[in-house]
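**Student:** Spelled out, the chains give:
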Amino acid sequence: GAVVSQHPSRVICKSGTSVKIECRSLDFQATTMFWYRQFPKKSLMLMATSNEGSKATYEQGVEKDKFLINHASLTLSTLTVTSAHPEDSSFYICSAANRGPYEQYFGPGTRLTVT
Amino acid sequence: TQLLEQSPQFLSIQEGENLTVYCNSSSVFSSLQWYRQEPGEGPVLLVTVVTGGEVKKLKRLTFQFGDARKDSSLHITAAQPGDTGLYLCAGARSSGAGSYQLTFGKGTKLSVIP
Chain A
30 GAVVSQHPSR VICKSGTSVK IECRSLDFQA TTMFWYRQFP KKSLMLMATS
80 NEGSKATYEQ GVEKDKFLIN HASLTLSTLT VTSAHPEDSS FYICSAANRG
130 PYEQYFGPGT RLTVT
Chain B
355 TQLLEQSPQF LSIQEGENLT VYCNSSSVFS SLQWYRQEPG EGPVLLVTVV
405 TGGEVKKLKR LTFQFGDARK DSSLHITAAQ PGDTGLYLCA GARSSGAGSY
455 QLTFGKGTKL SVIP
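Protein sequences appear in the order of chains A and B. Okay, so the first sequence: first residue is 30 according to my numbering, each after it adds one. Okay, so the second sequence: first residue is 355 according to my numbering, each after it adds one.
FYI, nobody ran anything at the bench for these hints, they're computed from the structure. All values derive from a computational prediction rather than experimental measurement. Heads up, some of the hints might be wrong.
What the hints assert, rightly or not - Below, in silico cross-link-like pairs of lysine to aspartate or glutamate (DMTMM-like), each with a Cα-Cα straight-line distance of 25 Å or less:
#1 A/Lys-70 <-> B/Asp-425
#2 B/Lys-460 <-> A/Glu-81
#3 B/Lys-460 <-> A/Glu-92
#4 B/Lys-424 <-> A/Glu-88
#5 A/Lys-43 <-> A/Glu-81
#6 B/Lys-460 <-> A/Asp-56
#7 A/Lys-70 <-> B/Glu-392
#8 A/Lys-70 <-> B/Glu-395
#9 A/Lys-95 <-> A/Asp-56
#10 A/Lys-71 <-> A/Glu-92
#11 A/Lys-71 <-> B/Glu-359
#12 B/Lys-460 <-> A/Glu-132
#13 A/Lys-70 <-> A/Glu-81
#14 A/Lys-43 <-> B/Glu-395
#15 B/Lys-463 <-> A/Glu-92
#16 B/Lys-424 <-> B/Glu-369
#17 A/Lys-49 <-> A/Glu-116
#18 B/Lys-424 <-> B/Glu-408
#19 A/Lys-70 <-> B/Asp-437
#20 B/Lys-410 <-> B/Glu-369
#21 B/Lys-460 <-> B/Glu-359
#22 A/Lys-71 <-> B/Glu-395
#23 A/Lys-70 <-> B/Glu-369
#24 B/Lys-413 <-> A/Asp-117
#25 A/Lys-71 <-> B/Asp-437
#26 B/Lys-410 <-> A/Asp-117
#27 B/Lys-460 <-> A/Glu-116
#28 A/Lys-49 <-> B/Glu-395
#29 A/Lys-71 <-> B/Glu-392
#30 B/Lys-410 <-> B/Glu-359
#31 A/Lys-43 <-> A/Glu-132
#32 B/Lys-424 <-> A/Glu-132
#33 B/Lys-411 <-> A/Glu-132
#34 A/Lys-71 <-> B/Asp-425
#35 B/Lys-463 <-> B/Glu-369
#36 A/Lys-70 <-> B/Glu-408
Please work from the sequences and hints to get the whole structure.
**Tutor:** Here's what the structure looks like:
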């Protein structure tokens, strides 16, 4: 149980285009989903917290107009990187929570490369 | 900002040796979780500790939460090459409305040499 999927696993896009990443909880309903970014050899940095049916809460320094988050259902959240630039290249990981008050279950990540 | 200091950052040991990874903070967390992450994959939850002084065992892995709920340790007995990976500690704090956010340590990259 507690399986979270992400799609796509890898994406290469050209500078200026937008990319959408999907995060799905497969076997449980996630009232809250989180989006993280991880740079090489670094830890996870929380970008935003997404609650179903409401606006996402962004961490300080994260541009909400650049990283659009939608949490339309209890099993799906999407992150859209708009007008991507090479500096947006990174490993993006989502997590979902609803089992117990503390645990988050992570997706396998999406490697974004902007050329 | 509630920071988690994780040490050591890198650890290379021989198969069969024991090791301990530490996670320390000046702040109190509601719980502390340990994850293991393989390259190119998301973190996998190993354990959650909630009560001060709590000890949990997962085969050769022993996790302890400090009495004051500010620090935690992960001890691996008789390490095996399969234990190689990135170990992350994460402290949970309430973000309101019943949900919790995680603050991650920088991770410990463990290499176990056969």
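**Student:** Now tell me, hint by hint, if it's right for this structure.
**Tutor:** So, going through the hints one by one against the coordinates:
This hinted pair checks out: A/Lys-70 and B/Asp-425 have alpha carbons roughly 23 Å apart, not beyond 25 Å. Restraint check for B/Lys-460 and A/Glu-81: the C-alpha separation of about 29 Å exceeds 25 Å, so the hint is violated. For the given pair, B/Lys-460 sits about 23 Å from A/Glu-92 by alpha-carbon distance, which is consistent with the 25 Å threshold. Among the hinted pairs, B/Lys-424 with A/Glu-88 is consistent with the structure: their alpha-carbon atoms are about 23 Å apart, no more than 25 Å.
Distance hint between A/Lys-43 and A/Glu-81 is unfulfilled; the C-alpha atoms sit about 31 Å from each other, more than 25 Å. Of the pairs offered as hints, the one joining B/Lys-460 and A/Asp-56 is violated, with about 30 Å between alpha carbons and a cut-off of 25 Å exceeded. Only pairs whose Cα atoms come within 25 Å are accepted, and A/Lys-70 paired with B/Glu-392 is accepted, the gap being roughly 12 Å. This hinted pair checks out: A/Lys-70 and B/Glu-395 have alpha carbons roughly 13 Å apart, not beyond 25 Å.
Between the alpha carbons of A/Lys-95 and A/Asp-56 the distance comes to roughly 30 Å, so the proposed pair goes past 25 Å and is violated. Restraint check for A/Lys-71 and A/Glu-92: the C-alpha separation of about 21 Å stays at or below 25 Å, so the hint holds. Pair hint A/Lys-71 plus B/Glu-359 holds up; C-alpha atoms about 13 Å apart against a cutoff of 25 Å. Simply put, B/Lys-460 and A/Glu-132 have alpha-carbon atoms about 19 Å apart, close enough for the 25 Å limit, and the pair holds.
About 31 Å separates the Cα atoms of A/Lys-70 and A/Glu-81, which puts this hinted pair outside 25 Å; it is violated. Proposed proximity of A/Lys-43 and B/Glu-395 is supported: the alpha carbons are some 24 Å apart, at most 25 Å. The hinted pair formed by B/Lys-463 and A/Glu-92 fails the criterion: a straight-line CA distance of about 31 Å is larger than 25 Å. In summary, the hint linking B/Lys-424 to B/Glu-369 is not supported, as the alpha carbons are separated by about 31 Å, beyond the 25 Å threshold.
The suggested pairing of A/Lys-49 with A/Glu-116 holds, with an alpha-carbon distance near 17 Å, which does not exceed 25 Å. Only pairs whose Cα atoms come within 25 Å are accepted, and B/Lys-424 paired with B/Glu-408 is accepted, the gap being roughly 12 Å. Distance restraint check for A/Lys-70 and B/Asp-437: the Cα-Cα separation of roughly 18 Å lies within the 25 Å cut-off, and the hinted pair is therefore satisfied. Restraint check for B/Lys-410 and B/Glu-369: the C-alpha separation of about 23 Å stays at or below 25 Å, so the hint holds.
For the suggested pair B/Lys-460 and B/Glu-359, the alpha carbons sit about 7 Å apart, so the restraint of at most 25 Å is met. Simply put, A/Lys-71 and B/Glu-395 have alpha-carbon atoms about 14 Å apart, close enough for the 25 Å limit, and the pair holds. Restraint check: the Cα-Cα separation between A/Lys-70 and B/Glu-369 comes to about 24 Å, which is no more than 25 Å; the hinted pair holds. Straight-line distance between C-alpha atoms of B/Lys-413 and A/Asp-117 comes to about 40 Å, which puts the hinted pair past the 25 Å bound.
Pair hint A/Lys-71 plus B/Asp-437 holds up; C-alpha atoms about 19 Å apart against a cutoff of 25 Å. Pair hint B/Lys-410 plus A/Asp-117 does not hold up; C-alpha atoms about 39 Å apart against a cutoff of 25 Å. The straight-line distance between the Cα atoms of B/Lys-460 and A/Glu-116 is roughly 21 Å, inside the 25 Å bound, and the hint therefore holds. With a C-alpha separation of about 19 Å, the suggested pairing of A/Lys-49 with B/Glu-395 holds against the 25 Å cut-off.
The straight-line distance between the Cα atoms of A/Lys-71 and B/Glu-392 is roughly 13 Å, inside the 25 Å bound, and the hint therefore holds. About 21 Å separates the Cα atoms of B/Lys-410 and B/Glu-359, which keeps this hinted pair within 25 Å; it holds. Proximity of A/Lys-43 to A/Glu-132 is assessed by CA-CA distance (about 36 Å); at most 25 Å being required, the pair is judged violated. Restraint check: the Cα-Cα separation between B/Lys-424 and A/Glu-132 comes to about 18 Å, which is no more than 25 Å; the hinted pair holds.
In summary, the hint linking B/Lys-411 to A/Glu-132 is supported, as the alpha carbons are separated by about 18 Å, within the 25 Å threshold. A hinted pair counts as satisfied when its Cα atoms are at most 25 Å apart, and A/Lys-71 with B/Asp-425 qualifies at roughly 21 Å. For the given pair, B/Lys-463 sits about 15 Å from B/Glu-369 by alpha-carbon distance, which is consistent with the 25 Å threshold. Only pairs whose Cα atoms come within 25 Å are accepted, and A/Lys-70 paired with B/Glu-408 is rejected, the gap being roughly 30 Å.
Hints 2, 5, 6, 9, 13, 15, 16, 24, 26, 31, 36 from the earlier list are contradicted by this structure; the remaining hints agree with it.
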